[in-house]
Amino acid sequence: MEQAAKSAGICSAKVSEILQKYSRRPDALVSILHDVQKEAGYIPEEAITEIASRLDIPVSKVYGVATFYTLFSTRPKGKYIIRVCQDAPCHVLGAKAIVETLEKELGIPMGDTTSDGKFTLEYTSCLGVCGVAPAIMINEAVYGNLTPERVPLILKEYK
Amino acid sequence: MAMVTIDGRRVEVDAGTTILNAAKKLGIDIPTLCYHPDLAVQAVCRICVVDIEGQKLLQPACAFPVQDGMVVYTNTPRVRQARKMNLELLLARHPQDCLQCVRNRNCELQALAERFGMREIRFEHELRGLPEDHSTPAIVREPDKCILCRRCVSMCHDVQAAGVLFPSRRGAHTLVTPVFGRGLDEVACALCGQCIHACPVGAITERDDTERVWQALADPNKHVVIQTAPATRVSIGEEMGLPPGQIITGKLVAALRRLGFDKVMDTDFTADLTIIEEGNEFLKRLKEGGVLPMITSCSPGWVKFGEHFYPDLLKHISTCKSPQQMFGALVKTYYAQKAGIDPKDIFSVSLMPCTAKKYEADRPEMRDSGYKDVDVVLTSRELGRMLREAGINFDDLPEEEHDDPMGISTGAAAIFGATGGVMEAALRTVYEVATGSELPKIDFEQVRGLGGIKEATVRVGGLDVRVAVAHGLGNAKKILDLMREGQANYHFVEIMCCPGGCVGGGGQPIPTTMEIRGIRGAALYEADKGLPYRKSHENPAIKQIYAEFLGEPLGEVSHHLLHTHYTPREKYPAVAKAVCGEAAG
Numbered sequence: 001m002e003q004a005a006k007s008a009g010i011c012s013a014k015v016s017e018i019l020q021k022y023s024r025r026p027d028a029l030v031s032i033l034h035d036v037q038k039e040a041g042y043i044p045e046e047a048i049t050e051i052a053s054r055l056d057i058p059v060s061k062v063y064g065v066a067t068f069y070t071l072f073s074t075r076p077k078g079k080y081i082i083r084v085c086q087d088a089p090c091h092v093l094g095a096k097a098i099v100e101t102l103e104k105e106l107g108i109p110m111g112d113t114t115s116d117g118k119f120t121l122e123y124t125s126c127l128g129v130c131g132v133a134p135a136i137m138i139n140e141a142v143y144g145n146l147t148p149e150r151v152p153l154i155l156k157e158y159k
Numbered sequence: 001m002a003m004v005t006i007d008g009r010r011v012e013v014d015a016g017t018t019i020l021n022a023a024k025k026l027g028i029d030i031p032t033l034c035y036h037p038d039l040a041v042q043a044v045c046r047i048c049v050v051d052i053e054g055q056k057l058l059q060p061a062c063a064f065p066v067q068d069g070m071v072v073y074t075n076t077p078r079v080r081q082a083r084k085m086n087l088e089l090l091l092a093r094h095p096q097d098c099l100q101c102v103r104n105r106n107c108e109l110q111a112l113a114e115r116f117g118m119r120e121i122r123f124e125h126e127l128r129g130l131p132e133d134h135s136t137p138a139i140v141r142e143p144d145k146c147i148l149c150r151r152c153v154s155m156c157h158d159v160q161a162a163g164v165l166f167p168s169r170r171g172a173h174t175l176v177t178p179v180f181g182r183g184l185d186e187v188a189c190a191l192c193g194q195c196i197h198a199c200p201v202g203a204i205t206e207r208d209d210t211e212r213v214w215q216a217l218a219d220p221n222k223h224v225v226i227q228t229a230p231a232t233r234v235s236i237g238e239e240m241g242l243p244p245g246q247i248i249t250g251k252l253v254a255a256l257r258r259l260g261f262d263k264v265m266d267t268d269f270t271a272d273l274t275i276i277e278e279g280n281e282f283l284k285r286l287k288e289g290g291v292l293p294m295i296t297s298c299s300p301g302w303v304k305f306g307e308h309f310y311p312d313l314l315k316h317i318s319t320c321k322s323p324q325q326m327f328g329a330l331v332k333t334y335y336a337q338k339a340g341i342d343p344k345d346i347f348s349v350s351l352m353p354c355t356a357k358k359y360e361a362d363r364p365e366m367r368d369s370g371y372k373d374v375d376v377v378l379t380s381r382e383l384g385r386m387l388r389e390a391g392i393n394f395d396d397l398p399e400e401e402h403d404d405p406m407g408i409s410t411g412a413a414a415i416f417g418a419t420g421g422v423m424e425a426a427l428r429t430v431y432e433v434a435t436g437s438e439l440p441k442i443d444f445e446q447v448r449g450l451g452g453i454k455e456a457t458v459r460v461g462g463l464d465v466r467v468a469v470a471h472g473l474g475n476a477k478k479i480l481d482l483m484r485e486g487q488a489n490y491h492f493v494e495i496m497c498c499p500g501g502c503v504g505g506g507g508q509p510i511p512t513t514m515e516i517r518g519i520r521g522a523a524l525y526e527a528d529k530g531l532p533y534r535k536s537h538e539n540p541a542i543k544q545i546y547a548e549f550l551g552e553p554l555g556e557v558s559h560h561l562l563h564t565h566y567t568p569r570e571k572y573p574a575v576a577k578a579v580c581g582e583a584a585g
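Order-wise, the sequence lines are chains A and B. So that you can map any letter, position 65 of the first sequence is 65 in the working numbering, and since no number is skipped, the others follow by simple counting. So that you can map any letter, position 573 of the second sequence is 573 in the working numbering, and since no number is skipped, the others follow by simple counting.
Worth flagging that the hints you see were computed from the coordinates, not collected in a lab. No residue lacks a Cβ here, since even glycine has one placed at the ideal position from N, Cα and C. There may be inaccurate statements among the hints.
Claimed, not checked - Short derived list, chain A residues pointing at chain B, Cβ under 10 Å:
hint, residue
1, Pro44
2, Glu50
3, Ala52
Claimed, not checked - Sample of chain B residues facing chain A (criterion: CB under 7 Å; computed from the structure):
hint, residue
4, Gly163
5, Phe166
6, Ser168
7, Arg169
8, Arg170
9, Val179
10, Phe180
11, Pro568
12, Tyr572
13, Ala574
14, Val575
15, Lys577
16, Cys580
Make the full structure from the sequences, and use the hints.
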């Protein structure tokens, strides 16, 4: 997943290509948004208007879907997206301390992206690894049994 | 059929009826909040929950269909506790400054709080601090007041087909908003204000311009003139505590004089004028092979919707200004000359059932008199506020007449306020102007009523004129899509933005439901029947203005003052665009 942090967005031809792949079916909206995000790193406004126009559905609806799912983003994101589980088992086993350490180490609050475009910090729903709570995901990699002490060591691998 | 028992009483209803409606049949009033009789069922607020025997969880009465033998309880401790809890949670995130809210005493949430005796809210009061939207001259949004019932969403998408408002984000972060959180000025909003009628609270309202009118009324140097729109004469009564459907034309005129307006004239006069101009434009298009079908242009919400969504069809829209704007252009020219008043001293107010009229009056082209033709547009609700503040009591008022020279009008103009009315008024005149003979039957029943799309064929001279009438933008869209495909085989189409026509306008008293729209419309047809003149071309004041000022229909003065043009607009807000090759890769 090599994507630029300061993405210039996505060009119309690329959106067309994605729409074509799904035969411009409105019921494929979520898959279309997935592909756009994969391509651009996020879902730019121009992709949302383009999709609405080509699928002939209200643009507010496309925006509604794009903002409904936490895995979609309408803002550019960092190269590495750190997702912290916010559900009960992780919470009980100390997710709060993990969040505080991450915020301190990266110098950004939850939800933000570092100014070098490298890291985005955000919450996610259950990652399905409650057995090793508290857990986070960095892009596709899962890290469990976390302690505040381990956090800087993990980040080092990405810096 | 299904036999159900609700609170120990049995009732037989059609299978599939909701518990809410079955209970209604028994006279049991189950409280609701996100439910609206004219809109899609949302079932999100959980205020209408009831206990059903055999069901573990409480179920929403608005959405749950009855089954034969079902036993329902609407008022158990468990039900009451759940409703109160839901209300408490809503109130914990709703502003508590009801006294300052425009919907004070006309708010469904407030009424529920009163009904349930909410004396205490156990949860911490926490407002979201969301920004308000004051971007348009017509509609104000205060998202902090929004209770996320989604009624406006259903109205905007399902009924009006504009698709402006939609929930974004999710859960506690949900926000009903135009796309990208932009203001209404940046999106393809018709400013019809139907979302205001959908809103149970004060989250969406009209922009209040009453202060500007109070100031003008208090200014001795201003000659303040008001015009009263057709639909307001059957709705202002509701603002004053009367039931819907009262024809209060004479009392309205008297009330406006008591507020201090120097002249009270009538938009119905320029509605008649519209018929003369538009009727002649239609006949000209027919004769000279102009663009057909011609579509009416009185409804500024429809015009703005057309500019955003059907810019390719703008040449179909009659070039006639709306009656409001015709009046505005004439009050600062024709009337100013006749009365010997400098037009710069005239303050022109209009009383409208409409929020989009506020936008229309602000359009840059609406200054053909050399001044802003209409200075302030007041909705029915705003005037209601002014009348109540001034302590005017309708019971004590005499019936008074509109002022000359733009005060005489016909029944044809009165029915402008109901769907099909403009078409009927036009047909009454077009027929007689084109054939030179009297109409055998003045009432065109086929274009009346609340059917979504109405069609008729009228023999005019040697031609079968095919007409269609649509009200509500969702219905209009169906006809416009047909036109785009070349499938609309009509000569003349009436489009009204709001369901029911102007009687159901976004500026009308709250509540405005389909039932109330129907009652107000019927009152306009009653008013029509009672008037001495019922055809626009028979209006003596219209004959006079052509003789003294305008010359002839579609003439040079008309062209300058009474006709306009339209502007293609974007469907989507401006966004940054990436060029291929530069995109992320």
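Checked hints:
1. Pro44: Hint on A/Pro44: holds, closest Cβ of chain B at ~7 Å, below 10 Å.
2. Glu50: holds, 9 Å
3. Ala52: Holds, because the Cβ-Cβ distance from A/Ala52 to chain B comes to roughly 7 Å (cut-off 10 Å).
4. Gly163: holds, 3 Å
5. Phe166: holds, 4 Å
6. Ser168: At about 4 Å, which falls below the 7 Å cut-off, the nearest Cβ of chain A leaves the hint on B/Ser168 intact, so it holds.
7. Arg169: Where the cut-off is 7 Å and the nearest Cβ of chain A is about 5 Å from B/Arg169, the hint holds.
8. Arg170: holds, 5 Å
9. Val179: With a closest approach of 4 Å, the B/Val179 hint holds.
10. Phe180: For B/Phe180, the interface hint holds, since the closest Cβ of chain A sits about 6 Å away, which is under 7 Å.
11. Pro568: Not OK, violated: B/Pro568 not within 7 Å of chain A, min 15 Å.
12. Tyr572: It holds, given that the least Cβ distance between B/Tyr572 and chain A is near 4 Å, below 7 Å.
13. Ala574: With Cβ-Cβ at 9 Å, over 7 Å, it is violated.
14. Val575: holds, 4 Å
15. Lys577: holds, 5 Å
16. Cys580: holds, 4 Å
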